[in-house]
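Fit chain B to the known structure of chain Z by using the hints.
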Amino acid sequence: MNNQNSKTAKGEPGQSYYRSVAGLTLLFDNEDYLWEPADWTEDVARVLAQECGIPELTEKHWRVIRFMREFYFANGRAPLNRQLKQGTGMTLMEIEALFPGGIKQDARRIAGLPNPKACL
Amino acid sequence: MGVKKIKLTVNGKTHQVVADEDLTLLDLLRDELHLTGAKQSCDKKGQCGACTVIMNGRAVRSCLMKVSKLDGADVITVEGLGTPENPHLIQEAFVLAGAIQCGFCTPGMIMATKALLDKNNNPDTEEIKKALRGNLCRCTGYAKIIDAVKLAGRFLRGEITPDDVRPNPDGPKVGVSHPRPTAMEKACGTARYTADYLVPGALELAVVHSPHEHAIIKKIDFSEAEKMPGVVGFMTAKDIKGTNRLVLNTNDRPLLCEDKVRSYGDPVAIVAARTRKEAREAAKAVKVEYEVLPALHSPEEAMAEGAIQIHPDRPNLCFTHPQIKGDAQKALAEAAAVVEAHFKTQINHQAPLEPEASVAYLEEDEDGDVQLVVVGRSINIHKHLSALQDALGYENIRYEEAVSGGQFGMKVEITSEGIAGAAALHFKQPVRYIPSLEESMWITPKRHPYDMKVKLAADSEGKITAYDIDFTVDNGAYHSNGDTIINRSLRMLSGSYNIPNVNAFARLVYTNNPWGSSARGAGPPQTNFALECAVNMLAEKMGIDPLEFRLKNSLQPGQSKSTGTVVTEWPFPVVCESLKPHYERAKREAAKYKEGTIVRGVGIAAGSFGIGSPGDKAIVSIELDPDDGVTVYAAVADPGEGNESMLTQLAAEVLNLPLKKVRLVTRDTDRTTATGPAAGSRMTYMCGGALVEAAKQLKAAMEECGATCYDDLVKAGKPTRYTGTKVTLQSGPLDKQTGQGSAYESEVHCLQMAEVEVNKETGEVTILKMTTAVDSGPVINRLNYEGQLEGGADMGAGFALREQYIAKETKDWVTFKFPTIKTAFPMEAIITETPRERGTLYGSTGVGEMTMVPTAPAIISAIYDAIGVWICDLPATPEKIKAALQNKA
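Listed in order, the protein sequences are those of chains Z and B.
Heads up, the first sequence is in this note's numbering, so the first residue is 1 and it goes up one at a time.
Heads up, the second sequence is in this note's numbering, so the first residue is 121 and it goes up one at a time.
It is worth saying that the hints were derived from the structure and are not from the lab.
Beta carbons: idealized from backbone N, C-alpha and C, even for Gly.
Non-contacting residues of chain Z with respect to chain B, defined by C-beta distances greater than 10 Å in every case (computed):
| no. | residue |
| --- | --- |
| 1 | Ala22 |
| 2 | Gly23 |
| 3 | Thr41 |
| 4 | Glu42 |
| 5 | Val47 |
| 6 | Cys52 |
| 7 | Gly53 |
| 8 | Leu57 |
| 9 | Glu70 |
| 10 | Met90 |
| 11 | Met93 |
| 12 | Ala97 |
| 13 | Leu98 |
| 14 | Pro100 |
Computed list of lysine-lysine pairs in BS3-like fashion (alpha-carbon distance at most 27 Å, straight line):
| no. | chain 1 | residue 1 | chain 2 | residue 2 |
| --- | --- | --- | --- | --- |
| 15 | B | Lys407 | B | Lys339 |
| 16 | B | Lys361 | Z | Lys85 |
| 17 | Z | Lys104 | B | Lys361 |
| 18 | B | Lys661 | B | Lys1008 |
| 19 | Z | Lys85 | B | Lys548 |
| 20 | B | Lys397 | B | Lys189 |
| 21 | B | Lys928 | B | Lys407 |
| 22 | Z | Lys104 | B | Lys358 |
| 23 | Z | Lys104 | B | Lys548 |
| 24 | B | Lys548 | B | Lys407 |
This is chain Z alone, in the form it adopts within the complex (with noise of 0.2 Å):
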């Protein structure tokens, strides 16, 4: 389920906000979610893990988001579960332990990837 309570303000329905991340102006979609994955940055990792409760990302931490990061430049979308599972040998609950709000909701918000896009 959704961790509301540890994000910031939100766009309002449908509408993408620009807010200051890192001391970078980046794009958000209305739930969050980087609108430009090039935009991120390490840094901006670490806050937005900060805003979903994680205080220190670990290496564990950087093993999914680095995955995830090339698996959606090389593919175009976020990486499976199972695809997930592949890549950092790691077992999906130990994943899902390492995220509170989840592999969807944290780990891909985290690693800068984009919602899929509505309607436009």
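Structure of chain B alone, referenced to chain Z:
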């Protein structure tokens, strides 16, 4: 119930059937003989002709034929006519004439054609219209279907052969009407639509829907229903593990209603049974106790003080947005001429011929984990997948798109997929949810109705100086993408024109009406109706010809749209000039028919429709295969527009490959890139652009190492797969206070002309001809392109004159007033091809929605030209026209 044993022949094979008195020939063909070429659309009312087969030499609607009375019958279905490998000449003709878009009507059309041509192999247009009068098509406007019947006649008479008209597959790839990749499968009835998926052991689902527009659910009682034969189980909202919200932009729409229903037909419970009939019977026996609440039927009622709040956590007035450019009030006060008018548009159904349908089942994925597979009618990005994951509380989901029988914007939303997915998880068995047409209408979104008050002003030189519009959009019961619809209206508000001063205010309001979402054009068809009628009113007031008025006021490079965005290209004057001789001809001809009961009129309307929205992004991958062909990976839905042609022809052009060497993987979320929705006329511009980028990367990699084939590339150690991305240059929302900011980065321009005949006694309007001058850049496939123009104009004519969705009253295609071949009209396209700066490959954009944007104002203006009254409240029914004439008198 009595049963009867009969024998009949189907496609040359004799079958013995023990039939009960309810079994129809359509059921026998589809469910028992697994001949799914004949389609079901109209709830077996004989309204659509999609199920047409030939029986004893006559075209019949198989949904009306009781098998028990068919002893000795000789039946031919579309499968019996030909196969993709060995097609019949009629099937070849439909493919080569460009008569197949979504293809759902095609088997029925072809069988009706066969019956006609068997008796008369040289029919004229009227004879074709008579023979096909019971067959409906939403995509084509019937023009290319009539062409196909005539072409088939020429084939059958031996005048020409298919090879004489088939484009050379080894010739040029772009700018040529190569047949669509899946057209022959559709013509032969082998293309699989969702309801054609037969999963062994699947439960059939039915849904209990709300009979009220607004009510509290007090109690759901399954005690009678559970005694019904074949019933397996029931589901309510509490059985859904996830959020139970199907989110596009806002999380207000439940998959199954929890405590409250907010619109007529809202889903309340699911019934699973062994057969569809048993499920439906049991659903009728479910007793739901409601406490009926006041229903709000208009934004005025919903915004009134003390009105009941439809959603507890959000006000009925749920979204507003201004747009302010310059000083419209000052310009209005100083203008030489001002017109003022009030326009309204109706709730409308997108009306794809294929009803909703979904199939879902659990399977083991590659790792042995349980994966939910949902088969539906539109892959629509991976957003469907994401929304389903949240709603169902289950992440391991694969979405598979079947061949889609049209959608016209409706399938940016998930509806039946949620029901099927939830039931497959709950019952842990495969399920099929094949709702009736009426149910499909209840559970799918509609075109938003707009209420628009406008003022348009010009100076003494005839230059438009100001536009003031206040508009209210009825959201219906659920938000969906209502704010996006308003944003689209605002971003295209000034249409084709330079309007230095704009003052707009938009509001979105919840009511208990059917909920709105995307519908071909999605916002601009409504606001453009108001603008274009007002432009014609102002031109008349100033004594200027409306075409000259448009040329005088066309936006020019260096000037800005209503968003304040300065444009660098604007070939709208090109289309105006191209229409001029046709317009002069039409005016001369209409001038002869200005007296008497039946009079004629000519009207024009323009549109400049945005392509490439701010923040849009498409990703497409291409892979070189061991046979030196390529596979394109992208979630590019093609519910009939021709996107498969676009991808195939572009890839073949860039890589200089034969068309048959380009393969598409577009229908499976496990294998495709996230490309964004088949909406917003964006596929050629965005996904085509991303594909060209990917193909160029592959080509460059091969050139770099001197590779001429797969083996060379692999030996050189280069990747075989490349991913291209297209991103629009602007992003971000409009400014909340001024509505200024990002805009679409290109436009398709259009000027359309309607020639109509109006009977002043009956109020009946006959469209004599629609002529469309259009420029969206270079055309990739002319027949597909014309097909969009013709189908869009037909849809626009329905929007202008007939169609309206009225909850409870609109139940089927007759009550919807679906366009028929009888109401079809001649069409002409005048196509100019000005390349766009950021267009795909040689500068192409898109045309799928533009085609209906100017149609309604063109027709309404033609009616005014004929009878001197403006019908500002769509649809312009005969009753409204008669009333307006009486008021005028």
